[in-house]
Amino acid sequence: MDLHEYQAAEIFGRYGIPVNRGIVARAPEEARAAAERLGGQVVVKAQVHAGGRGKAGGIRLASDPLEAEAVARQILGMTIRGRVVRKVLVAPAVAFVREYYLGVVLDRDARRVVVMGSSAGGVDIEEVARERPEAIVREHADPFLGFLDYQARRLAFRLGVEPELARGFAAIARQLYQAYVDCDASLAEINPLVLTQERTWLALDTKVVLDDNGLFRHPDLAELRDPEEEDPLEHEARLAGISFVRLEGTVGCIVNGAGLSMATMDAIKLYGGEPANFLDIGGGASAQRVAAALRIVVADPNVRSILVNIFGGITRGDVVAQGLLEAFREVEVRVPIVIRLVGTRQEEGRRMLEEAGFTVVDTMEEAAERAVALAKSQ
Amino acid sequence: MAILVDESTRLLVQGITGREGSFHTEQMIEYGTTVVAGVTPGAGGRQVHGVPVFDTVADAVAATQPNVSFVAVPAPFAPDAILEAAEAGIPLIVCITEGIPVLEMVRVAHAVRSRGVRLIGPNCPGLISPGKAKVGIMPGFIHMPGPVGIVSRSGTLTYEVVWALTRAGIGQSTAVGIGGDPVIGTSFVDVLEMFERDPETQAIVLIGEIGGADEEAAAEFIRQHVSKPVVGFIAGRTAPPGRRMGHAGAIISGGRGTAAEKIAALEAAGVPVAERPAQVADLVRQVLERR
Numbered sequence: 001m002d003l004h005e006y007q008a009a010e011i012f013g014r015y016g017i018p019v020n021r022g023i024v025a026r027a028p029e030e031a032r033a034a035a036e037r038l039g040g041q042v043v044v045k046a047q048v049h050a051g052g053r054g055k056a057g058g059i060r061l062a063s064d065p066l067e068a069e070a071v072a073r074q075i076l077g078m079t080i081r082g083r084v085v086r087k088v089l090v091a092p093a094v095a096f097v098r099e100y101y102l103g104v105v106l107d108r109d110a111r112r113v114v115v116m117g118s119s120a121g122g123v124d125i126e127e128v129a130r131e132r133p134e135a136i137v138r139e140h141a142d143p144f145l146g147f148l149d150y151q152a153r154r155l156a157f158r159l160g161v162e163p164e165l166a167r168g169f170a171a172i173a174r175q176l177y178q179a180y181v182d183c184d185a186s187l188a189e190i191n192p193l194v195l196t197q198e199r200t201w202l203a204l205d206t207k208v209v210l211d212d213n214g215l216f217r218h219p220d221l222a223e224l225r226d227p228e229e230e231d232p233l234e235h236e237a238r239l240a241g242i243s244f245v246r247l248e249g250t251v252g253c254i255v256n257g258a259g260l261s262m263a264t265m266d267a268i269k270l271y272g273g274e275p276a277n278f279l280d281i282g283g284g285a286s287a288q289r290v291a292a293a294l295r296i297v298v299a300d301p302n303v304r305s306i307l308v309n310i311f312g313g314i315t316r317g318d319v320v321a322q323g324l325l326e327a328f329r330e331v332e333v334r335v336p337i338v339i340r341l342v343g344t345r346q347e348e349g350r351r352m353l354e355e356a357g358f359t360v361v362d363t364m365e366e367a368a369e370r371a372v373a374l375a376k377s378q
Numbered sequence: 379m380a381i382l383v384d385e386s387t388r389l390l391v392q393g394i395t396g397r398e399g400s401f402h403t404e405q406m407i408e409y410g411t412t413v414v415a416g417v418t419p420g421a422g423g424r425q426v427h428g429v430p431v432f433d434t435v436a437d438a439v440a441a442t443q444p445n446v447s448f449v450a451v452p453a454p455f456a457p458d459a460i461l462e463a464a465e466a467g468i469p470l471i472v473c474i475t476e477g478i479p480v481l482e483m484v485r486v487a488h489a490v491r492s493r494g495v496r497l498i499g500p501n502c503p504g505l506i507s508p509g510k511a512k513v514g515i516m517p518g519f520i521h522m523p524g525p526v527g528i529v530s531r532s533g534t535l536t537y538e539v540v541w542a543l544t545r546a547g548i549g550q551s552t553a554v555g556i557g558g559d560p561v562i563g564t565s566f567v568d569v570l571e572m573f574e575r576d577p578e579t580q581a582i583v584l585i586g587e588i589g590g591a592d593e594e595a596a597a598e599f600i601r602q603h604v605s606k607p608v609v610g611f612i613a614g615r616t617a618p619p620g621r622r623m624g625h626a627g628a629i630i631s632g633g634r635g636t637a638a639e640k641i642a643a644l645e646a647a648g649v650p651v652a653e654r655p656a657q658v659a660d661l662v663r664q665v666l667e668r669r
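Here the protein sequences come in this chain order: G and X. Number 82 in the working numbering belongs to position 82 of the first sequence; there are no gaps in the numbering. Plus 378 on top of the position in the second sequence (first one is 1) and you've got the working numbering.
The set of hints was computed from the structure by calculation and includes no laboratory data. Please read all numbers here as calculations on a predicted model, not as lab measurements. Among the hints, erroneous ones may be present.
[What the hints assert, rightly or not] If you want the ones that stay clear, here's a sample from chain G, every Cβ over 10 Å from chain X, calculated:
id, residue
1, R26
2, E67
3, V97
4, G122
5, F144
6, L165
7, W201
8, G259
9, R289
10, E330
11, V335
12, P336
[Unchecked claim] Okay, the calculated bits of chain G under chain X, using three or more residues with CB under 8 Å as the criterion:
id, stretch
13, 109-115
14, 169-177
15, 363-371
Every residue, glycine too, gets a C-beta built ideally from N, C-alpha and C.
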């Protein structure tokens, strides 16, 4: 789950990390009022779950409250990588002499948390990793002891931080690691962490992504979810406990299992179509879950046909078929459906579905081919 | 032969009185797996499908000497259950639980490894040596004994490939689901190494998906250490970057972990990669005929 910059700043502030406190505004007038309260030059920043805000024109300077209002008017409502900006953060503009990057992330290969620093701050760290990997310094945290003081100091010195400033830098790195662990984050990042003209450290931009699997033990953090940032269909799917990712194609997919769902999407593409979504109903394929999945898929106006691919496994084929029939009775579907069903007693299941007038096919390939052809003929 | 589980498997089920634990215990017994004990704290003295239940893993070990544990415990309690089994000295732990926080798994993965215990999963279907033992949630009937070892990050996609192999008359030595989470106990490389040593396994199928670099590591290992033919399949060619595709570990982040990269790495290691799951069976037949 993504957090907004201002939410991440709030969390980091609680850990004693010096953050550039700002005020959130939802309307241009609110941005003006915020700039008046802050005084002086401000920066107006789009608060949206998308990268590349700066390049898209979503981060702008304003020298007075009136300009802040004008700039906010331009940013609010703009679309950045498909997301509409509904909030801006108005924060004091800061003069600085140097920019660093500081981030905490999981190193999957090492099965450890890694703290990364770079003296090339303020730019896309993935770009730095590609083009100048030597500019990134890494320290792996011990799974049991954590990220230790000497490691934080070593990070600072390897980045060329002056001795009198290294202690402050190291403290921020350790607190960032602590925030990451305490929140069950999958990313905690300060980019840039700047050295101001007054030679103090300040986190100018902050980012946190939370591990969805950890949310059950952080109800306070779960509440930070911004429903405005979620696609309405993805929102509905999440409430129904269904894994769903909306895509841009025309063949709707309802599949059990994440790997099989991806493979089904790939098969649709292989036969010349485009999947409209990723959708994993999970195990069991009960009538209730299939009905919820159907409602979500048919709500997408791009969908021209639906492919249901169920590998029944332990659940009997006739039970799965019964569930599908109940779901189809419950949800009105105006596009053609192709069903592929495997499981014990699949013949019974298949006969039940065919008697109800559905197209049932034997293999996933055949199902994908048929669904693509039907989508194109609609 | 087979790897990890066979006729000598003596299984403990942790969480045996739960809905999943009880259902799959029955299914595993039906398949022929020897289930010697179950554990549910507070349910000691009961029986589930004729299997004695203990309060602690230590009690179950003392009374019944299990050598594999199957953990079907909800996410908030699963890390503790895994560590309890590891401490009791059970050498192989299979955890099917989905939704364990990744930072818990960082600690658990290192803790079990330091005890010399093998963990498979979490968030996996388990494993099966057809005709010998099933320690997992997969449907037994789709499998048949034979020469192909399977290792996969997925559940139903593995069933799809197994089904295609069985329908083509090609049996399996062992099918191992290693799990779809970012941090898992056993990697592709670990299982490839076991299949390479297993005399019954004559060919290997590797089923990967987007996210991480475990497939790339596997490709490098195959190039250097695997003499048996390997066939691959990678799911997620059409997956968009930055979105989690069901599995917590299935995400393209920072432009890394794409299907294209993984396919290229495998092909560079001489591994033919199928475009469709069913095509795996054709490729396996070809490599077996060539041997």
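So, going through the hints one by one against the coordinates:
Look at G:R26: its CB is around 26 Å from the nearest CB on chain X, clear of 10 Å, so calling it non-interface holds up. For G:E67, the non-interface assignment is confirmed: its Cβ lies about 33 Å from the closest Cβ of chain X, beyond the 10 Å cut-off. Distance check on G:V97: its Cβ is at least 29 Å (rounded) from any Cβ of chain X, clearing the 10 Å threshold; non-interface status holds. Separation of G:G122 from chain X is adequate, the least Cβ-Cβ distance of about 17 Å exceeding the 10 Å criterion.
At roughly 7 Å, the least C-beta separation between G:F144 and chain X is not larger than 10 Å, which violates its mark as non-interface. Every beta carbon of chain X lies more than 10 Å from that of G:L165, the smallest distance being close to 29 Å; the non-interface claim holds. Look at G:W201: its CB is around 26 Å from the nearest CB on chain X, clear of 10 Å, so calling it non-interface holds up. For G:G259, the requirement that its beta carbon stay farther than 10 Å from each beta carbon of chain X is not met, with the minimum near 3 Å.
The claim that G:R289 lies off the interface holds: its Cβ sits roughly 14 Å from the closest Cβ of chain X, which is beyond the 10 Å cut-off. Residue placement check: G:E330 keeps its beta carbon more than 10 Å from all beta carbons of chain X (closest about 24 Å). At roughly 20 Å from the closest C-beta of chain X, the C-beta of G:V335 stays outside 10 Å, upholding its exclusion from the interface. Residue-level check passed: G:P336 sits 21 Å from the nearest beta carbon of chain X, beyond 10 Å.
Only residues whose beta carbon comes within less than 8 Å of a beta carbon in chain X count, and the stretch 109-115 of chain G has 4; three or more means the coverage holds. Under a criterion of three residues with beta carbons nearer than 8 Å to beta carbons of chain X, the stated coverage of the stretch 169-177 of chain G fails, only 0 such residues being counted. As drawn, the stretch 363-371 of chain G meets chain X at 3 residues by the rule of a beta-carbon pair under 8 Å; at three or more, the given contact holds.
Of the numbered hints stated above, those contradicted by the structure are hints 5, 8 and 14, listed in ascending order.
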